[in-house]
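> Taking the hints into account, I'd like the entire structure generated from these sequences.
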Amino acid sequence: MAIGAFSHGPTGTAVSAESQKKSRVAWFLLLPGIVYLLLFFLTPLFSLVLTSFKTAPPAAFIGEYVYAFRWENYVEVLGMYGEHSLRSFTYAAIATLIALAIGYPLAYFIGVRLRPYPLWQSLALVLVIAPFFISFLLRTVAWKQLLADQGWIVGTMKAFAILPPDAHITGTSISVIFGLAYNFIPFMTLPLYTSIERLDLRLIEASNDLYANSLTTFRKVTVPLTLPGIVSGTLLTFIPAAGDYVNASANFLGSTQTSMIGNVIESNFLVLQNYPHAASMSLLLMGAILILVSAYVFKSGTDDLL
Amino acid sequence: MKFGKLLLPLYGILALIYLMVPIAYTIMFSFNDSKRTNIIWNGFTFNNWLNVCDAQGVCQAFANSIIIATVSTVVATVLGTAIAIALVRYKFKGRAATTLLLFLPMATPEVVLGAGLAAQFLNAGMPKGMLTVILAHVMFCISFVVVTVRARVAGLDPKLEEAGRDLYANPSQVWWKVTFPLLLPGIVAGALLAFALSFDDFIITNFNRGPVDTLPSFIYTAASRGIPAEANVLASAVFILAIAGVVTAQVGGAIRRKRLGIVA
Chain U
15 MAIGAFSHGP TGTAVSAESQ KKSRVAWFLL LPGIVYLLLF FLTPLFSLVL
65 TSFKTAPPAA FIGEYVYAFR WENYVEVLGM YGEHSLRSFT YAAIATLIAL
115 AIGYPLAYFI GVRLRPYPLW QSLALVLVIA PFFISFLLRT VAWKQLLADQ
165 GWIVGTMKAF AILPPDAHIT GTSISVIFGL AYNFIPFMTL PLYTSIERLD
215 LRLIEASNDL YANSLTTFRK VTVPLTLPGI VSGTLLTFIP AAGDYVNASA
265 NFLGSTQTSM IGNVIESNFL VLQNYPHAAS MSLLLMGAIL ILVSAYVFKS
315 GTDDLL
Chain R
219 MKFGKLLLPL YGILALIYLM VPIAYTIMFS FNDSKRTNII WNGFTFNNWL
269 NVCDAQGVCQ AFANSIIIAT VSTVVATVLG TAIAIALVRY KFKGRAATTL
319 LLFLPMATPE VVLGAGLAAQ FLNAGMPKGM LTVILAHVMF CISFVVVTVR
369 ARVAGLDPKL EEAGRDLYAN PSQVWWKVTF PLLLPGIVAG ALLAFALSFD
419 DFIITNFNRG PVDTLPSFIY TAASRGIPAE ANVLASAVFI LAIAGVVTAQ
469 VGGAIRRKRL GIVA
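As they're listed, the protein sequences go chains U and R.
Here our numbering runs 14 ahead of the position in the first sequence, where the first position is 1.
Here our numbering runs 218 ahead of the position in the second sequence, where the first position is 1.
Be aware that a few hints might be false.
Here are the simulated BS3-like cross-link-like pairs (lysine-lysine), alpha carbons at most 27 Å apart as the crow flies [what the hints assert, rightly or not]: (1) R:Lys-377 / R:Lys-309; (2) R:Lys-395 / R:Lys-377; (3) R:Lys-377 / U:Lys-36; (4) R:Lys-377 / R:Lys-311; (5) U:Lys-234 / U:Lys-313; (6) R:Lys-395 / U:Lys-36; (7) R:Lys-223 / U:Lys-234; (8) U:Lys-36 / R:Lys-311; (9) U:Lys-36 / R:Lys-309; (10) R:Lys-223 / R:Lys-309.
Pulled a few chain R residues facing chain U out of the computed Cβ check, cut under 8 Å [claimed, not checked]: (11) Gly-334; (12) Asn-450; (13) Ile-461.
Every beta carbon over 12 Å from chain R, so not counted as near; a handful from chain U, in silico [what the hints assert, rightly or not]: (14) Arg-84; (15) Thr-203; (16) Leu-224.
Calculated directly from the structure, the hints in this document are not laboratory data.
Even glycine gets a Cβ: it sits at the ideal position worked out from N, Cα and C.
Dropping the structure here:
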């Protein structure tokens, strides 16, 4: 502070000395966390870029790569894993829509209908976040066993001829999408609730008074007012769903026919030790998501996500 | 109209039940008298709860998860709270870049974060283990702490701190006697979120754990040969404790508000 005050000389105004001091305190508070994120978030992304261009030297051991500029890695993964990429984005998009269809009415029920009963409202919210407190993997295994061929859900559906007798649910695209939707419903519902809870019900009354039917009111009043919640909820569901590899793995709800990008990255990195392919696939996934997210955020016109 | 009014509560309650189904299943199967695999119901027993460490490796994995989550939470909460205060209270150059740097880890899929860190540790020749997992967890927890604490800082009236200064409190007294107690609910919420995220993380952990098992990685590995009921016991115990804590806090808060005559 003293140095800041002197550097301005005796004519330096009190205001600028004050703001100098403030910005020094700000940087003292910011620096440790920012340096941490630079070291363990940003630098790893550069490590991925470097790794994605690596090449195997002649007669290399498995997992041995040297720095190079082998851009063919990208072409190779696009050729090999195009199908997995398409599958990831399709599954994630459908799961997000299902989670929205379940999460929006749920958030509306808690945020508007339970508004006169604060205790019930907070208890219902506890139930929404309850899945966070029990292992994500065990919940997914629970669904695998509940939806198994010999389980009562599939049994009942077959008895009522909703499913043909030789049908399976686990190991199919349907069970993977179901699992993704289930696992990310809390991520969808919480931001929706935050928006809906603030919804001024007099605006809905006003719309009804002006002879709008409930559908028009919903479309023209409720949805625009709760759009920030819809945007952050769908993003918080879509992004982790597109990169997930637990639901689609064969030991959980998927099979080898349902592999997503996450499974490709995992097996290339941890099993095959093909680090350049894992890295280029990761960067392609991140690039695709950043483009989709920016386009989506730009189109919906809400930029205050943080 | 009457039916229409009932439809939404019905849908909401069904959705809540749907969310609870696999939780109930997991808790129920912690009481299953299972032999090797915990798939078919064999009858009720307390044995898994009484001899929870019998399944090989499960208690070690649980202890690792607790250590990792505790250390990561403390570090991420301190770093994140400092950032949250700076973001709300101070003007500084590079605010937009800082906000972006905080937002990006939340917008990046976990596989990318995990693979990136693993590539960095590999390029640097750093062996994977407990330390690399903690370094990874602190990284993804910081942003969530910032978001949670920031809301609380924004709602804090600067006049209260001014009053403290007017009463001749020095800066450290103002922080410990005024600011910190008022921010505490936000800091606690951020820390709890960080703990929950770290404790249940699998994807990033799996890329950086090396030979170290956490409870989620233990479950993932066990999934191919059958998950022991003891894993259900540990997960259920954590769940019951957490829910009991949250519900007590909510009900306690509601009672206090009622007594003080505040209509929330």
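> Please confirm whether U:Thr-203 is truly not at the interface, meaning its C-beta sits more than 12 Å away from all C-beta atoms of chain R.
U:Thr-203 not clear of chain R: closest Cβ-Cβ about 8 Å, inside 12 Å.
> Check the hint pairing R:Lys-223 with U:Lys-234 against an upper bound of 27 Å on the C-alpha distance.
21 Å, holds
> Going straight from one Cα to the other, do R:Lys-395 and U:Lys-36 come out at no more than 27 Å?
Since the Cα atoms of R:Lys-395 and U:Lys-36 sit roughly 21 Å apart, the hinted pair holds (cutoff 27 Å).
> When you check the alpha-carbon spacing of U:Lys-36 and R:Lys-309, does it fall within 27 Å?
This hinted pair holds, its Cα atoms lying about 7 Å apart.
> Take the C-alpha atoms of U:Lys-36 and R:Lys-311, compute the straight-line distance between them, and say whether it is at most 27 Å.
Within the cut-off at roughly 11 Å; holds.
> Given the hinted pair U:Lys-234 and U:Lys-313, is their Cα-Cα distance within 27 Å?
Holds, at about 17 Å.
> Find the nearest Cβ of chain R to the Cβ of U:Arg-84 and say whether that gap is larger than 12 Å.
Fine: 15 Å to the nearest Cβ keeps U:Arg-84 off the interface.
> Minimum Cβ distance from R:Gly-334 to chain U below 8 Å?
3 Å, holds
> CA of R:Lys-377 to CA of R:Lys-309, is that 27 Å or under?
18 Å, holds
> Do the alpha carbons of R:Lys-377 and U:Lys-36 lie within 27 Å of each other, as the hint requires?
Judged against 27 Å, a Cα distance of about 17 Å means the pair holds.
> Hinted pair, alpha-carbon criterion (27 Å max): R:Lys-223, R:Lys-309. Please report holds or violated.
Cα-Cα ~49 Å, so violated.
> Measure nothing beyond the straight line between the CA atoms of R:Lys-377 and R:Lys-311; if it is 27 Å or shorter, mark the hint as holding.
25 Å, holds
Violated hints for the displayed structure, listed by number in ascending order: 10 and 15.
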